[in-house]
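Residues per chain are reported as follows:
Protein chains: 2
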Amino acid sequence: MAAPRVLVVAGTHGNEINGPWLLEQWETHPDLLDRRGLQVETVLGNPEACRLARRYVDRDLNRSFRPEWLGLVPESFSSAPRDVPLEVLRARELMAAYGSSGSLPCSLVFDLHSTTAAMGASLVVYGRRPADLTLAAALQERLGLPVYLHEGDQAQQGFLVERWPCGLVVEIGPVPQGVRSARVVEQTRLVLQAAFDVTHEAAHGLLITPSDLVVHRHLGSIDVPRDPAGRPDACIHPQLQGRDWHPLRLGDPLFLRADGEVIRHGGTEGLVPVFINEAAYAEKAIAFSFTSRERWPLDPSGPGALRALLMSDQRGEPL
Amino acid sequence: MAAPRVLVVAGTHGNEINGPWLLEQWETHPDLLDRRGLQVETVLGNPEACRLARRYVDRDLNRSFRPEWLGLVPESFSSAPRDVPLEVLRARELMAAYGSSGSLPCSLVFDLHSTTAAMGASLVVYGRRPADLTLAAALQERLGLPVYLHEGDQAQQGFLVERWPCGLVVEIGPVPQGVRSARVVEQTRLVLQAAFDVTHEAAHGLLITPSDLVVHRHLGSIDVPRDPAGRPDACIHPQLQGRDWHPLRLGDPLFLRADGEVIRHGGTEGLVPVFINEAAYAEKAIAFSFTSRERWPLDPSGPGALRALLMSDQRGEPL
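Same order as they appear, the protein sequences are chains G and B. The working numbering puts the first residue of the first sequence at 1, with every later residue one more than the last. The working numbering puts the first residue of the second sequence at 320, with every later residue one more than the last.
Hints may contain errors.
[Said to hold, decoys possible] Some chain B residues near chain G, calculated using beta-carbon distances under 7 Å:
id, residue
1, Arg502
2, Cys554
3, Asn596
4, Ala598
[To be verified] Coverage of chain B stretches by chain G, computed from C-beta distances (three or more under 8 Å per stretch; other residues unrestricted):
id, segment
5, 341-354
6, 492-498
7, 545-553
None of these hints come from the bench; they were simulated from the model. Ideal Cβ placement from N, Cα and C applies to all residues, glycine included.
From just these sequences and the hints, can you work out the full model?
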């Protein structure tokens, strides 16, 4: 059988330097990761941003995979920016190389990120595709990772992994932008190894999936309080800082003003905050996002869907 | 008496956002800091870099205060860059406003910084000027702050505070670049308040100085190990990460390679590392710096020198 082709992207954001370093080291030390017979393609998402050690050059690459900008919906090109941003060009380039009609078509993508928030080692899933959720469930069972399910956010669109038949973001933190951390590199390596293991098993019909998974379903985001001029006039409260994944109770402190005033949680009991004080989200007016923790039965079609798309790489050859 | 004029600079590096936020909040909440009768001037060091949320635009502002670039040594202008970098222009502008022959001449400057290294709340002194060391000793006695004495480093020149008769850097960490932290804001506020207190006392001849101070004298810096192509091929070892100010013993782990190889300290026993894994120093090829911890008697001329320069603001009026 021809092995399924899996894409691993790092450096989608140029100031998240741990994923790129892991892939670089893997070239030098082939034993770092066992590819389990998969055809693994690795690529630097945004090389120019990596060179500059910035999140992006013109716009966030991981919000630039909008179908109407990629030529997938040709008639709507009119909505694309007039001077095409570097990141939209790069998104087209990545699709042309690794997309379903690309030169090295991949059925599965893992996109390696890091964050200044205390997310630990976690997964982000976009929407509810059965194959994505199957993969996430298997990784959650194996490693205990929390899963953030991002959906229905009109302000945040055009994520990379959505443009592949199946894909997950691996999100590790806390680590400052531009800082290489042995801990973050090792956490990334462990998740990626487990992802290869699970993919290999799925491709061979050997994957035993759990009956359910716990997701943290995105409900919304909250901005930092601002003064009338629009300038932030509070910090994340020290008792919230670092408490990603810990449910909020009524009255919990959220923000602290310079004069000592505390702004408390007055909303729903049990909301679970994520991406608390992520540096890059300040420009997106997100102090943190909040989610609902839910246990979902795994869609029975999921494992089959995952296997089918992994086999679709194999151009009709028998498994 | 006319009060001494004190300059407080924040945002010398545009991605260190806690100092600027403290000064902004102080405008809104005048009770945040008691200026103790001093004439305090506050200024954003590098407004354009702050707007872009980057350390600098053309070059590091805090390495741009070289006398030969500022017109202080006119005959050596030939060594200035041909196209003058924005930060050199800004350095001249700050000197013209707050320098000794400026429009609002200040005798003392506090430059507020933050770092991704676990430096806690600390002071950096450049060279051995008696007034600087007196101020540092008084702050160390009051708050227990460690003092890093930077000198004799040919690769690092042109620091802002060196161009004023007396000045200290306040350095607080760890905090990622671009992240506002209530803890860091409060630590900065406490050090700045103590600095105002000490300056007020010194100006009025009320300062009782300790007989000595502990400095961490800069000896050198060490780069991360690199492969033949010049790319970093190791991380700071997890057992060194966060251990700023803790003396190194022979055999202590310094770096960790991806294949598990550990590079250990083989040099002098007792060297004290600082600025471990500061994000901005990667481009300066500094993984950490190392220092010698020394207890120095305070130069008896120091308190007098400090008082004299604070009184020199007062244009001959009696104290």
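Which of the numbered hints are not met once you compare them with the structure shown? none
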